[in-house]
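From first to last, the protein sequence lines stand for chains A and B. Under numbering that gives the first Met the number 0, the residue at position 195 of the first sequence is numbered 194, and the numbers go up by one with no gaps. Under numbering that gives the first Met the number 0, the residue at position 177 of the second sequence is numbered 176, and the numbers go up by one with no gaps.
Don't read these hints as lab results, they were simulated from the structure. Glycine included, every Cβ here is placed at the ideal spot set by N, Cα and C. Each hint should be verified, as a subset may be incorrect.
[To be verified] Here are the in silico distance ranges between beta carbons for each label pair:
| id | chain 1 | residue 1 | chain 2 | residue 2 | range |
| --- | --- | --- | --- | --- | --- |
| 1 | B | His-263 | A | Gly-259 | 33 to 39 angstroms |
| 2 | A | Gln-84 | B | Val-224 | 42 to 48 angstroms |
| 3 | B | Asp-204 | A | Gly-86 | 43 to 49 angstroms |
| 4 | A | Asn-128 | B | Gln-337 | 39 to 45 angstroms |
| 5 | A | Leu-229 | B | Gln-337 | 23 to 29 angstroms |
| 6 | B | Lys-279 | A | Asp-129 | 52 to 58 angstroms |
| 7 | A | Leu-236 | B | Val-224 | 34 to 40 angstroms |
| 8 | A | Ala-107 | B | Arg-387 | 39 to 45 angstroms |
| 9 | A | Gly-259 | B | Ser-3 | 50 to 56 angstroms |
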Amino acid sequence: MAEQKFTGTRSYIATDDLMMAVNAAVTLERPILIKGEPGTGKTQLAMEVAAALDRPLYEWHIKSTTKAQQGLYEYDAVARLRDSQLGDDRVHDIANYIVRGKIWEAFASDVQPVLLIDEIDKADIEFPNDLLQELDRMEFYVYETQELVRARHRPIIVITSNNEKELPDAFLRRCFFHYIKFPDKDTMAKIVDVHFPGLKKALLKESLDAFYRLRDVPGLKKKPSTSELLDWIKLLLAEDIPPEALRAEDSRKAVPPLYGALLKNEQDVHLFEQLVFMDRRSRTQ
Amino acid sequence: MLNSFFYLLREGGIRPSLSEWLTLLAALKSGVAGHSVDDFYYLARSALVKDETLFDRYDRIFAAYFRGADDAFRDLVRELPADWLERQAELELSDEERAQIEALGGFEKLMEALRERLEEQKDRHEGGSRWIGTAGTSPFGAYGYNPEGVRIGQAGSRHRSAVKVWDRREFRNLDDTVELGTRNIKLALRKLRKFAREGAADQLDLDDTIDKTARNAGLLDIRMVPERHNAVKVLLCLDVGGSMDDHVRVCEEMFSAARSEFKHLEYYYFHNFVYESLWKDNRRRHAERVPTNEITHKYGADYKLIFVGDATMSPYEIVYPGGSVEHWNEEAGAVWIQRLLATYPKAIWLNPEPRERWNFTPSIKLTRELMDDRMFPLTVSGLDAAIRALH
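Next comes chain A alone, as it looks inside the complex (with noise of 0.2 angstroms):
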C-alpha cells in the first residue's frame, strides 16, 4: 500500500487526534467510524480523504429504510416477471436483473476506492450487524448467480453517525472510532481562514467572538456549528458589514446582524431576542 498519510487539505482542517484516526484506519485497513455534533464536517471528511489520497469515493447515503442488502446488491425480479411475461429473452440469465449497489461498485475499483457510509445511525438497529462479514472479509456472496464477490482493494470505509441509535459492540469493536469535538478559537480560526482567505483579521476576531458568545447563550434548541459560522461569514462578507457592528459593547448592536443564519429555530430567535431587550434594559436603568 502506498505509504500516504492524510494530513488534512487546503480546505480541511484536520486536528492531530483526527489525522491520527484517519491514517490508523487507512493502513490498517478498518473502517473509521466518525461522530460529533451536526455540522462539523462529518461526511466532508470522507470526500477531503477521498480528494487528499487522490481516490475514488463512493457515497452511501442511508435512510431509515436502507437495508443493508441494498448496498451489496439487489435482484428486480418483477423486472424478470416483466420481462418472462413478454417473452424477453434476457430473462434466461438471472445476472442481468442483479443490480449492484455501492458497496460492490467499491469492491469493483481497480484502485482502493474511499467508501463512505453516511449516517448509519438511521438504518434499522440490525443495519450495522448486517454489514459485519462484509466490511471484516470484505467478501460477500450473490445467491442468485452463486458467485462470490470479493473486493480488489480494501477500501477505506468511513462511517459517520449522528448518534440516534447506539450502535452494536460487535460492529464497534471492528471500527476505529473518532469523536469531532467542537473546534476551539485557534481552530476555527483556522477553519474559517481556509475557507475565506482573504477574510479582514478585525472582521473574523469579531464574527468568531460574536459566534462563540452566542454558542455560549445557555437554553439554545440548536448551536450553531461551524456550517452554519461559515455561512454567516458568508453573508457579513456579501453585506459588506464592518467589524466594529458586531462588537457586544455596544448595547444598541448587541444582536448580531443577519444571525438567521446562525439560529435556526423559532423559539432560539425568540429566546436570543428576549435577552438582549433584557440585556438593554438593565443596562438603561
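Given the structure of chain A, go ahead and fit chain B onto it with the hints provided.
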C-alpha cells in the same frame, strides 16, 4: 506489552475487547503512531474507546497509568540543560546499551525503574542523565513512545502539552455516570426514542409478499414482519416539594421533549409517597385530586409506570396507615404502591439521589424492595438501564 494498561482500562469500565487490543498493537507495529505519547493517546483512544461518553474515563485512566512517565519527562525537561541534550543528539547508542534496556524487560518495569531513578537523580546528578538518555530510547520507541534518547527534550515538551490533552478532561460532561445536564438530556432522549420504537407483533409485509411471490413464479408466498412499535404509553408519577423540585423540572422537560415518541404520556404528582390520591396541577393540589383507584382503572396495564422521587422520608410514611406528613391516610403507602405495581407490571423508580447513599437511607431501601429492585439513579446510564428494565 502494555498489558497492564489494557487490564486497567477493563477494570475502569471501558472494556476493550481482545481484538481491539490486537488492532492497537498492529497499529503500533505498523508505525502509524509516530513517536510521541500524544500520538499514542489518540491512537489508543480511537482503537479502544468507541463511545464518547467514555472518553473522560479513558482520560483519567490514561493519566493515572502514565503519571510516572509524565513526571519523569517533566523533570527531565526541567533538570537537563539544553546543551547536554544537543550534545547527546549527536550520539548513537551502543549495542551494549540497547541490550541493557531490553534486559530491563517490560514496559512496566521500565516505568518503575524510571520513577525510582528519578528519585535518585535528585540526589546524585551525574549518571542520572545517562540512564535517562538510554531509558528514553529503544524500549520507549518500541512502545510507540520515544524513538531515540536524542529526542528527549523535544518529546518531553511535546509530552507535557499532550498531558494537557487528557488532563483537560474535555469530555467530562459526556461521562454517563454524572447527573443529567442539557447535553445529557439529549442523549437520554435518544435512548427513550429507541425504547419507544421497539416492541413486537406480527403483521403482513405487503411489499415483501409481492416480491417473494414474484420470485416464486407467481405462487403466493405470504411474508410476515414484526411491527414497528412506535407507540409507548407512559404514566409518570413525580414527587414534588422541597428538594425534589429541580429534578422534577428536569424530568418533565425530558419526558415532554420525548412526548412525540409516545402514544400517551400522563403526568401525576405525589408528595414523598403515593397514597389514595394523586394530583395533576401542583398549584391546586389540595382542591383537585384524582383517586389512585380511578387512575388504575382509567389507564390499562399496557402503560409503563415511571416514578421519579428521592424516596427519602421517614419509613413510617411508607409502612403505616396515617404515616403521611400531609394528611391522614387510611391505608399505608406500601399498600398503594403494591396496588399500582399489580396493575402496571412494567414499572421503575428513578432516583436522583446518588446510588452510594441508597443503602444508608432506610426509606430508599424499603422503596427498592417494594419496587423489586427496579430503582435506578437519574443519570444517563441509570436511565438506560431503567429503559431496558421496562421492556
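Against the structure, the hints come out as follows:
1. B/His-263 with A/Gly-259: 33 to 39 angstroms: 37 angstroms, holds
2. A/Gln-84 with B/Val-224: 42 to 48 angstroms: At roughly 28 angstroms between Cβ atoms, B/Val-224 and A/Gln-84 fall outside 42 to 48 angstroms, so the hint is violated.
3. B/Asp-204 with A/Gly-86: 43 to 49 angstroms: 31 angstroms, violated
4. A/Asn-128 with B/Gln-337: 39 to 45 angstroms: For A/Asn-128 and B/Gln-337 the Cβ distance comes to about 41 angstroms; the hint holds.
5. A/Leu-229 with B/Gln-337: 23 to 29 angstroms: Violated - the Cβ-Cβ distance for A/Leu-229 and B/Gln-337, about 59 angstroms, lies outside 23 to 29 angstroms.
6. B/Lys-279 with A/Asp-129: 52 to 58 angstroms: Violated, since B/Lys-279 and A/Asp-129 (Cβ atoms, about 46 angstroms apart) do not stay within the stated range.
7. A/Leu-236 with B/Val-224: 34 to 40 angstroms: Cβ of A/Leu-236 to Cβ of B/Val-224: about 52 angstroms, so the range 34 to 40 angstroms is violated.
8. A/Ala-107 with B/Arg-387: 39 to 45 angstroms: Once the Cβ atoms are compared, 42 angstroms apart, the range 39 to 45 angstroms for B/Arg-387 and A/Ala-107 holds.
9. A/Gly-259 with B/Ser-3: 50 to 56 angstroms: Once the Cβ atoms are compared, 55 angstroms apart, the range 50 to 56 angstroms for B/Ser-3 and A/Gly-259 holds.
This entry does not satisfy hints 2, 3, 5, 6, 7, going by the numbered hints stated previously.
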